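Asks: Chains A and B supply the protein sequences, listed in that same order.
When we follow the numbering used here, the leftmost residue of the first sequence carries the number 1, and every step to the right adds one.
When we follow the numbering used here, the leftmost residue of the second sequence carries the number 182, and every step to the right adds one.
These are calculated hints, taken from the structure and not from any lab test.
Values in this document were obtained by computation on a predicted structure and should not be read as measured data.
No residue lacks a Cβ here, since even glycine has one placed at the ideal position from N, Cα and C.
Keep in mind that the hints are not guaranteed to be accurate.
[What the hints assert, rightly or not] Covered stretches of chain A, as calculated for chain B (at least 3 residues, CB under 8 Å):
#1 49 to 61
#2 89 to 102
#3 108 to 116
[To be verified] Where chain A lies over chain B, by a calculated footprint (3+ residues, C-beta under 8 Å):
#4 190 to 202
#5 218 to 227
#6 230 to 244
#7 252 to 265
#8 268 to 280
#9 284 to 290
#10 301 to 311
[Stated by the list, open to error] Residues on chain A that point at chain B, a partial pick, calculated with CB under 8 Å:
#11 F24
#12 M42
#13 A44
#14 F69
#15 T73
#16 F78
#17 R82
#18 A122
#19 P133
#20 V135
#21 P136
#22 P137
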Amino acid sequence: MNVTILEADLDELLDMGATPQQAFARGCAALGNRTFGTTLRMEAETEEGLAELVDFFAEKSADAHSVRFGFTTNAASFEETRNRYEELGRESYRLRMERAPELQQRLLSVRAREEMLERRLAERGVDASQIGPVVPPEEALDPLLGGWDAPPLRLSALPPPEPRLFQRLLRRAFGKAPAGP
Amino acid sequence: MTENRLSPAPTVDVELPVDATTLAQLHDRVEAESLAPDEDDGLARYLLYLGAAYLEAEQAAAETESAEGAYRAVYRLYGKAGAASSVLRFHYGEAARASNGERRATTGRDIFVAAYGRTLDRLEQELDTRERRVRNLERALA
């Protein structure tokens, strides 16, 4: 059976002079024959205490290495999500702050020119509605993209500030407010 | 604000002497414990890490001359492993939480960008039509 571990884990093992197979065999031997919990119960610095401590350490170390493996192998996916999130943020900014204002400005000025030309043609008795191509009114967009760029919120005025706690306590104690700073 | 990031690191595949029967026996023994992972790959990796820790502790203990010294040496390892585990768990949790948030926000941004982009495309089409009409109106006026 092939198992994936971090290269750093393998290096740590080899530095100890052990192989992955030896480590695995030792882990299998411990499984089901160890004590674990949250508090060391045996007397410290005794043989039983040492055996218990080794069990506790092994569990903690295996946990730390497993978490490190999970964290490291998921790091690429975290990075990918972040890059996509930031890329969409930049794209959203480009659309809203660069492309949209430019198009809106152009559309407003084209519409103004169109109306001016229609008026001048009408003055000459020409029916401009016969000159196309025409954008049907129901398909015409609001150049300001109403609904997309909502106007800023109008906030109601704030209530007058509460007297300071110290002043309130003085008032409660002496029946009148002292002169404020 | 701390960035909870860990760079991707190279991995390596190691061959372990375990067949289907051994694996089934290991799973039976795991049931008696709640700490080991359930799935094959995770269990094998966990047992490798567990065994490596036993070897490390036994080596550290063997390098000392007294029971007290051995206890202190392993206790130092225990403290180090505990600190590493806590720090890693915290940062991993934070990174996963941030990533989930970004994934959800990405969906929202994706929808917005696509819809807003379509609206701007329509705006561009309308602009094109109106510019052609303006040219025709100018021609009629000339």
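Asks: For every hint, state whether the structure bears it out.
Replies: Okay, the hints, checked on the actual structure:
1. 49 to 61: holds (count 10)
2. 89 to 102: holds (count 7)
3. 108 to 116: With 4 residues closer than 8 Å to chain B, the region 108 to 116 of chain A meets the three-residue bar; holds.
4. 190 to 202: Per the Cβ count (11), the hint holds.
5. 218 to 227: holds (count 7)
6. 230 to 244: holds (count 12)
7. 252 to 265: Our answer is that it holds, as 9 residues pass the Cβ test (under 8 Å) against chain A, meeting three.
8. 268 to 280: holds (count 8)
9. 284 to 290: holds (count 4)
10. 301 to 311: holds (count 8)
11. F24: Holds. Min distance 5 Å.
12. M42: violated, 10 Å
13. A44: OK, holds: A44/A within 8 Å of chain B, min 6 Å.
14. F69: The hint holds - F69/A has a Cβ within 8 Å of chain B, the shortest such distance being about 7 Å.
15. T73: Hint holds; T73/A Cβ to chain B Cβ min 7 Å, cut 8 Å.
16. F78: holds, 4 Å
17. R82: holds, 6 Å
18. A122: violated, 11 Å
19. P133: holds, 5 Å
20. V135: Check passed: Cβ of V135/A comes within 5 Å of chain B, closer than 8 Å.
21. P136: Hint violated; P136/A Cβ to chain B Cβ min 10 Å, cut 8 Å.
22. P137: Because about 11 Å separates P137/A from the closest Cβ in chain B, which is outside the 8 Å limit, the hint is violated.
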